[in-house]
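Q: Letter by letter, the chains look like this.
Protein chains: 2
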Amino acid sequence: MRKVFLQGYGTALPKQTVHFGKQTRYRISPDENQLDLAVQAARNALTNAKMTVEDIDCIVSASAVGIQPIPCTAALIHEQLAKGTDIPALDINTTCTSFITALDLISYPLVAGRYHNILIVSSEVGSLALNPKQKESFELFSDGAAAMIFGQRQDSQSGIIDSIQKTWSEGAHATEIRAGLSAVHPKTYSEVTKEEFMFDMKGKQILSLSVKKLPQLFHHFLTKNGMTAADLDFVIPHQASRAMPLVMEKLGIKPQQFIDLISEYGNMVSASVPFAFCQALRKKRIQKGDKVLLMGTAAGLTTNMLLLQL
Amino acid sequence: MRKVFLQGYGTALPKQTVHFGKQTRYRISPDENQLDLAVQAARNALTNAKMTVEDIDCIVSASAVGIQPIPCTAALIHEQLAKGTDIPALDINTTCTSFITALDLISYPLVAGRYHNILIVSSEVGSLALNPKQKESFELFSDGAAAMIFGQRQDSQSGIIDSIQKTWSEGAHATEIRAGLSAVHPKTYSEVTKEEFMFDMKGKQILSLSVKKLPQLFHHFLTKNGMTAADLDFVIPHQASRAMPLVMEKLGIKPQQFIDLISEYGNMVSASVPFAFCQALRKKRIQKGDKVLLMGTAAGLTTNMLLLQL
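Taken in order, these protein sequences are the chains called P and U. Under numbering that gives the first Met the number 0, think of the first position of the first sequence as 0, with each following residue one higher. Under numbering that gives the first Met the number 0, think of the first position of the second sequence as 0, with each following residue one higher.
Any given hint could be a false lead.
Now the stretches of chain U that chain P is said to cover, found in silico as 3 or more residues with beta-carbon under 8 Å [unchecked claim]:
1) 29 to 35
2) 58 to 70
3) 88 to 101
For the record, the hints were derived by calculation from the structure and aren't laboratory data. Note that CB positions come from ideal geometry on N, CA and C, so glycine has one too.
So here's chain P without its partners, still in its complex pose:
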């Protein structure tokens, strides 16, 4: 077990909501931006942990889409939160599962004693890139941010029991924003090309690939850890779409075993998993000692599973 433990958590949401039927989505106003959300979530996490930024020795931004092409998003968060310090800042990205990948990866230097308290921030403002013509994604995404602080202690009962990541690039183009970086430069933006700069999600393709690949990986992962789905105290899935509960059912996870925030909050891309994690903690649906599985599929197609003893 990688003996890391949760020290604090926080979230941030835009002021404005929009509604599609009974679905609520959070969308930034012109006076809000990704950096504000990221910094607010991070400050809330520090407050919740009763820490100041000086207690942190690594700042990780784990978001799908960054704030600027250069520098990395973590450096811009650092500027708001930690200017004057020399805390290292870096970005880790696997799109929607960036938070899980970041926690997974950074737990190794954490338990090795390289870092002692790490702050992971996921922030997204996907609403800027939604295509009104693609109802499925246009009505699904929310903006938001979540931050969590993890520490390390040898005598901790908490920790990462196991984790796994797989990428199946058959799905590399199932979720995309194709234009905006080096493949298609912003200088080509026009009324004709503008949809290339927008979110494009082939929901059926993702669901079909996920349903084909996930059950096997899920059962392999549980078996490897001597568990069945019933042994999981709680599951925090990426809030991918309204089909998520069906995927959970297919995996043998009961409704009371997982958190479903799709109607209330939609899909916040990378911020979904930590946001749902924070909500589960706030609502005391999980508590100390629980075995909690973070899992999700991301553009790539990438899947992460991380089993945490809280």
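Given the structure of chain P, go ahead and fit chain U onto it with the hints provided.
A: Then chain U, alone, in the frame of chain P:
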């Protein structure tokens, strides 16, 4: 010592060069792109290592600027190189020092046995975003890619002796591409705003901050490892600018101790460090058993140092 060892390396360059006085720069033609360079470098590294992609169990893209906003760059490299496999793919980004950060970070799960052979690919086509009005950066950058494969073996004499990363966000705006992602969406691109989508480097500010911060960190890092600059067999610095040799001199590193490719190849952003590493290996300026320091400053301002016993 984190017992990782180099298994293979490869580079890729665009066909076309441009010249500024005696300075040679590599720039992609319309029929070349970042993905091609990344994949070519990765294939060359696999060949050099006498491996196939099935031997790799983690693909890391360590680039400053990605190919698409979604998915992450590693997933797109995966599609070209490893489609049909389930090798995990992820991006790690600290701009110019992304390669060092990636090697540093991923070495922990590598030595923990989570991964066995990891491929790190850095690729950049900065030429797409250069501002002809800013001579300093316009004449400095090259496009290119470099890939390296590292393995893990307990009985290895090779490994990472120590590493350090610091971010000083006083320099967060000293090197930027401000527009293109969430801070300034491509829809705002126009003749008036176009420079916001271009590279903007305040060379003097970077140099002044580096010269203020680097020597102290460098000596702290060496002292911590019971070394002086003279004990380093070789230094592979980020090929930041034509001022790089002056910084080396200030740190007490002799001309024969470091590799300087600025005139021949320019600054390839994240690809510079691994490209220079590959050149030093090819030219046999470093060999088995050598103590080699990888170091660089990146937008952020971030500094990385990683001491490797080859």
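Q: Give a verdict on every hint.
A: These are the hints, each one checked on the structure:
| no. | hint | in the structure |
| --- | --- | --- |
| 1 | 29 to 35 | holds (count 3) |
| 2 | 58 to 70 | holds (count 9) |
| 3 | 88 to 101 | holds (count 8) |
When the structure is compared with the earlier hints, no violation turns up for any of them.
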